[in-house]
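J.: Spelled out from the first residue to the last, the chains are:
Number of protein chains: 2
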Amino acid sequence: MQNKIIEFSESTSFIACGSAVGKCEHEGPVGDCFDIHDKTDRFGMKTWEKAESEMQRLALNSAMSKVGFSEHDIDALFAGDLLNQCVGSSYGLLDFDIPYFGLYGACSTAAEGIMLASMMVSAGYFGKCAAVTSSHNSSAERQYRTPIEYGGQRTPTAQWTVTGSGAFIIGRGNGVRITEALPGIVVEKGINDANNMGAAMAPAAIDTLFRYFRNSGKSADDFDLILTGDLGWEGGSIFCELMAVEGYDIKKKYNDCGMIIYDRESQDMHSGGSGCGCSAVVLASYIIPKLMRGELSDVLFIGTGAMMSPSSIQQGEAIPAIGHLIRLQKPKSE
Amino acid sequence: MQNKIIEFSESTSFIACGSAVGKCEHEGPVGDCFDIHDKTDRFGMKTWEKAESEMQRLALNSAMSKVGFSEHDIDALFAGDLLNQCVGSSYGLLDFDIPYFGLYGACSTAAEGIMLASMMVSAGYFGKCAAVTSSHNSSAERQYRTPIEYGGQRTPTAQWTVTGSGAFIIGRGNGVRITEALPGIVVEKGINDANNMGAAMAPAAIDTLFRYFRNSGKSADDFDLILTGDLGWEGGSIFCELMAVEGYDIKKKYNDCGMIIYDRESQDMHSGGSGCGCSAVVLASYIIPKLMRGELSDVLFIGTGAMMSPSSIQQGEAIPAIGHLIRLQKPKSE
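Just so you know, the protein sequences line up as chains A and B, in that order.
Residue numbering for the first sequence is 1 to 334, as defined by my numbering.
Residue numbering for the second sequence is 1001 to 1334, as defined by my numbering.
If you're looking for bench data, these hints aren't it; they were derived computationally from the structure.
In this text, a Cβ means the ideal position worked out from N, Cα and C, and glycines have one as well.
Keep in mind that the hints are not guaranteed to be accurate.
[Stated by the list, open to error] Once the Cα atoms are required to be at most 27 Å apart in a straight line, the calculated BS3-like pairs of lysine-lysine come out as:
(1) B:Lys-1004 / A:Lys-66
(2) B:Lys-1253 / A:Lys-189
(3) A:Lys-189 / A:Lys-251
(4) B:Lys-1330 / B:Lys-1253
(5) A:Lys-290 / A:Lys-66
(6) A:Lys-46 / A:Lys-4
(7) A:Lys-330 / A:Lys-4
(8) B:Lys-1290 / B:Lys-1251
(9) B:Lys-1330 / B:Lys-1066
(10) B:Lys-1046 / B:Lys-1290
(11) B:Lys-1253 / A:Lys-4
(12) A:Lys-46 / B:Lys-1189
[Stated by the list, open to error] Residues on chain A that point at chain B, a partial pick, calculated with CB under 7 Å:
(13) Gln-2
(14) Gly-105
(15) Asn-192
(16) Asp-193
(17) Gln-315
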């Protein structure tokens, strides 16, 4: 059953989504889609870590307010982030008295959370669940790399951690459907350059998409869009090339949330966006609304995550990565 | 449905469990129960972090070998640990080509993983799942506190992070059953002393147990044992006292994995054991075997976790905590 594609009940769908982003994300090509933005990136808080937590609170509140939900209407939270011990989530969602499942899937957390929430709803354990995640450029930079005050020069393959949080409320309804899922396997192909996460994560996305195609008998032709979480321009091109080697031509259907969120020319984020918030906000406020409006009808999304830590990199370890796949389809027509 | 107790299909049960521990744990009162131990705490590795990963690999291998399983027999892994970005798990389980769900539940990870794995098996998404977690005293000390070489004096309420890893294979069978679950809600009651985690976590355990008793109509009299994960002597006494205030006399049925694992007199671990590995190894190798042999028949286990980080403590934040409850029952008699 390891490679079995999980299928959900017909009505498992997004009830509402919410997003909160920082300045660069608001200035990007899809910046007008997001629900909330703060041009200071601070969200009224004194530390970047608290700002990140506040974004999670705002994103979930935003989703809840769209459908008039209070905390009593949500039965479980699935949440995680990139900060040590996932404090972005545990502090950010503390205001909500809702049963809490803490996740760590690095940048794949949005996909992991949506997958688990959908499984719970489809199986009937909970009526409605929320999946929430976030990343903040300034809290990530000082934790993973060097303090931003150093002004260190970034390499061309480096990606820019998105300041943003996305929240997804999943239940039974008539919205955009989550119809299938295939959880990722942790793979490690020897990449140990923390400034080239796209290359580290591409093999994990390939492993999952390849298993999906093989087991479903489908190919890129069956979908409008094959979307990865945050491979960026570097990882994205590796992904398409290696899928072609496997006999799957996906290039014309392919896009990546890390390429969508910033303008390559004017914003120059090097290889594109990354971080848990990257795929979360693009999905919540750009892709899912497109599916809702029927501009897209069938999307394969592969949330990608690099499961290393600063310590593991310093100790010379290579970067393990994962890709969780979910299939999103437009609402069923009446 | 927030307070609804989740019920599992009759046959959802532990197929096999495995454990690996360090020197102090092997010298403790239940030290002979554990499957594997290493008196150097190094498990053949050069760093404490790699030793922790190796323990996870050994614990899962030990469980698999008891029932002759290969990696192809397990459909999904649910794993997490205390290290930044949960690298104990992502590196430790890299050898196993099994779909992977990363968790962060701090010391409640064993309970969270067993709960999610049981939900997946009971709903039929997967045939067999494994829940794995670990902690290592030396990797935890240098990450959370001060390097052990400093020889800093510990306060009386401090607990000792257990060096150990526990693995649980869950499927449909005739073993010790997981019959009910109630996920925890993150609560924070103003405790900000990282050397008194028992006091920080006790309110979360109370919140969950109180909700369980209220909704099930049951009391301590209905169980052989009410077991918490790692409240230790300090947190455990707070827990019993505050439950008594709520009208539930649990004292004579109560125990804690952090009190079981070390000898209070001869080992002097101050307030007892803690860490993800604490409840994992005590459950895997002491409590579940007792249920298997019929020496216990009905146990409520509340895995407790403190969801803070060194950064959040340094920034003056109080400690949020969680308690996930699972009910374990002896095998059904023929």
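J.: Each hint: holds or not?
T.: For each hint, the structure was consulted:
1. At roughly 26 Å between alpha-carbon atoms, Lys-1004 of chain B and Lys-66 of chain A fall within 27 Å of each other, so this suggested pair holds.
2. Proximity of Lys-1253 of chain B to Lys-189 of chain A is assessed by CA-CA distance (about 50 Å); at most 27 Å being required, the pair is judged violated.
3. A distance of roughly 22 Å separates the Cα atoms of Lys-189 of chain A and Lys-251 of chain A; the hinted pair therefore holds under the 27 Å criterion.
4. For the given pair, Lys-1330 of chain B sits about 17 Å from Lys-1253 of chain B by alpha-carbon distance, which is consistent with the 27 Å threshold.
5. For a cut-off of 27 Å, the pair hint linking Lys-290 of chain A to Lys-66 of chain A stands: about 17 Å separates their Cα positions.
6. Between Lys-46 of chain A and Lys-4 of chain A, the direct Cα distance comes to roughly 47 Å. Violation of the 27 Å bound is thereby established for this hinted pair.
7. Proposed proximity of Lys-330 of chain A and Lys-4 of chain A is supported: the alpha carbons are some 23 Å apart, at most 27 Å.
8. A hinted pair counts as satisfied when its Cα atoms are at most 27 Å apart, and Lys-1290 of chain B with Lys-1251 of chain B qualifies at roughly 20 Å.
9. Pair hint Lys-1330 of chain B plus Lys-1066 of chain B holds up; C-alpha atoms about 19 Å apart against a cutoff of 27 Å.
10. Using a Cα cut-off of 27 Å, the hinted pair Lys-1046 of chain B and Lys-1290 of chain B is violated, with the two alpha carbons roughly 36 Å apart.
11. Taken as a hint, the Lys-1253 of chain B and Lys-4 of chain A pair is broken in the structure, with Cα atoms around 43 Å apart against an allowance of 27 Å.
12. Only pairs whose Cα atoms come within 27 Å are accepted, and Lys-46 of chain A paired with Lys-1189 of chain B is accepted, the gap being roughly 22 Å.
13. This hint holds: Gln-2 of chain A has a C-beta 5 Å from the nearest C-beta of chain B, less than the 7 Å allowed.
14. Contact between Gly-105 of chain A and chain B, as hinted, is supported at the beta carbon level, the nearest pair being about 5 Å apart and thus within 7 Å.
15. Residue-level restraint check for Asn-192 of chain A is violated (minimum Cβ-Cβ distance to chain B is 12 Å; threshold 7 Å).
16. The criterion of a C-beta within 7 Å of any C-beta in chain B is not met by Asp-193 of chain A, whose closest approach is roughly 17 Å, and the hint is violated.
17. Interface hint status for Gln-315 of chain A: upheld, as the beta-carbon distance to the closest one in chain B is roughly 6 Å, under 7 Å.
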